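Protein chains in written order, with the numbering used here: chain A, 1 to 272; chain B, 1 to 160.
Because the hints were derived from the structure by calculation, they are not lab data.
Keep in mind the model is a prediction, meaning the values are calculated, not measured.
Where a beta carbon is used, it is the ideal one built from N, C-alpha and C, also for glycine.
A portion of the hints provided could be inaccurate.
Stated by the list, open to error - Here are the computed distance ranges between Cβ atoms for each label pair:
#1 L109/B x K100/A: 42 to 50 angstroms
#2 I24/B x D93/A: 53 to 61 angstroms
#3 N148/B x K64/A: 18 to 26 angstroms
#4 T49/B x K96/A: 27 to 35 angstroms
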Amino acid sequence: MKQELRFKTRYFSFLLLALILAGYIISMLLATETGNVGVIPVHGTIGEGLSGVAPEQVIELIDKANENPSIAAIVFDINSRGGSPVASQRIVDKIKRINKTTIAIIRDIGASSGYWIASACNHVIASKYSITGSIGVYGSYIGYYGLMKDYNVTYERFVSGELKDMGSPFKQPTQVEKQLLQSKIKLMQGYFLEDVKQNRNLSEKELSQISTGVILLGKEAKALGLVDEVGGDTELEAYLNSLNISPSFTSYKLRHSLIKSLSSMLTRNPIA
Amino acid sequence: MAKELKLETRISNASALKRSLAFIADLLVLNLVIGLPFRRLLPKGDFKTLKAMLNSSPALLAQLSRVYMFMGLLAFCYFTFSEYRLGQSIGKAMLGIQVISNNKRASMLQIALRNVFLFPVFPFVLLWLLDPISLFLTKRRLSDILTNTRVIAYETGIKV
Chain A
1 MKQELRFKTR
11 YFSFLLLALI
21 LAGYIISMLL
31 ATETGNVGVI
41 PVHGTIGEGL
51 SGVAPEQVIE
61 LIDKANENPS
71 IAAIVFDINS
81 RGGSPVASQR
91 IVDKIKRINK
101 TTIAIIRDIG
111 ASSGYWIASA
121 CNHVIASKYS
131 ITGSIGVYGS
141 YIGYYGLMKD
151 YNVTYERFVS
161 GELKDMGSPF
171 KQPTQVEKQL
181 LQSKIKLMQG
191 YFLEDVKQNR
201 NLSEKELSQI
211 STGVILLGKE
221 AKALGLVDEV
231 GGDTELEAYL
241 NSLNISPSFT
251 SYKLRHSLIK
261 SLSSMLTRNP
271 IA
Chain B
1 MAKELKLETR
11 ISNASALKRS
21 LAFIADLLVL
31 NLVIGLPFRR
41 LLPKGDFKTL
51 KAMLNSSPAL
61 LAQLSRVYMF
71 MGLLAFCYFT
81 FSEYRLGQSI
91 GKAMLGIQVI
101 SNNKRASMLQ
111 IALRNVFLFP
121 VFPFVLLWLL
131 DPISLFLTKR
141 RLSDILTNTR
151 VIAYETGIKV
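From just these sequences and the hints, can you work out the full model?
In structure tokens:
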């Protein structure tokens, strides 16, 4: 009798453990296939670097969510201070081709090209504490020519054209070079502003107010038309409900290698 | 002179109450074992919310059906493997009832067939209605009758 009871206990324990394990394996395999609102994270510097948001990965997730027929809307969860304009443009172009409702929710920071990505979405939500704006371009480098001069190190220059080594940190830039670099920055800013203007349907007056590259808090951004709504998850759900989408969220996750995870720990966003 | 007392075990069809209580106990076990891993995949909210969600994304119904099918499959495995090997699930063991066929252990096929009602697909879903009706009328589920199985209760008493 005692032996029979022991056998039953062991059998049931084994069966239940096997079922729990099978349940977890199956639920993991089905994980990305349920829910009607896909959430794609854009966290970190946008670019191809180790600690950045690789555009290929974001594009892959967008395709996945866009091709999933049960997904009615895609939410971009943004916490980024910007990054590479080329990488950002790839993501922006992809968002514009999505044939589903797109919503950006800006967390702590959604500035520069982090905001550019948000502006490509149909609806932008930001907290009143979120840092956004900073629409513009900057370029900088450290010049070593002063240090080299102190240590009597010379820069031997052989160039095919006068501007070929423009931007070299080993020589002081000439006035012409400075003007040229500045003009390229202005040109890029023009493209950036034009795209944001189109995305958000901004007036020239509104555009002129943000063209300084000023950072804005969520509420200020709303006043300037950069954000549609001030709020967070509650406002996101309310907006989805207004579109007759009763949301069940599905998270699409970026793959992170060990090196990338360690690197992102070192370059974590200091603004909290 | 004192009369000798003997223990007597009587076997009878398990009552509908005992079977229902055993099933409820099994559902509680399954809620923990199967419900837990699948919880994050299931939509939260009441029936109205679920209806609104499915209306906004009809394709979601297919995805959810798949989840429910797998949950049904695991519940089916739980009942089939425990009833085939031991003649009882945890709920049945707690209530002291057991599945048999012609006074012997039921075969795997019989056990599997009597548990097909766990798959949420037509025509098995009809058994969700027919089984309880049959149980309360005849003390046997329709699935029991169709698979020639019985759920019996052991009652041990003192024979004078």
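Going through the hints against the structure:
no.	hint	result
1	L109/B x K100/A: 42 to 50 angstroms	holds, 47 angstroms
2	I24/B x D93/A: 53 to 61 angstroms	holds, 56 angstroms
3	N148/B x K64/A: 18 to 26 angstroms	violated, 50 angstroms
4	T49/B x K96/A: 27 to 35 angstroms	holds, 32 angstroms
Hint 3 from the list above is the single one not met by this structure.
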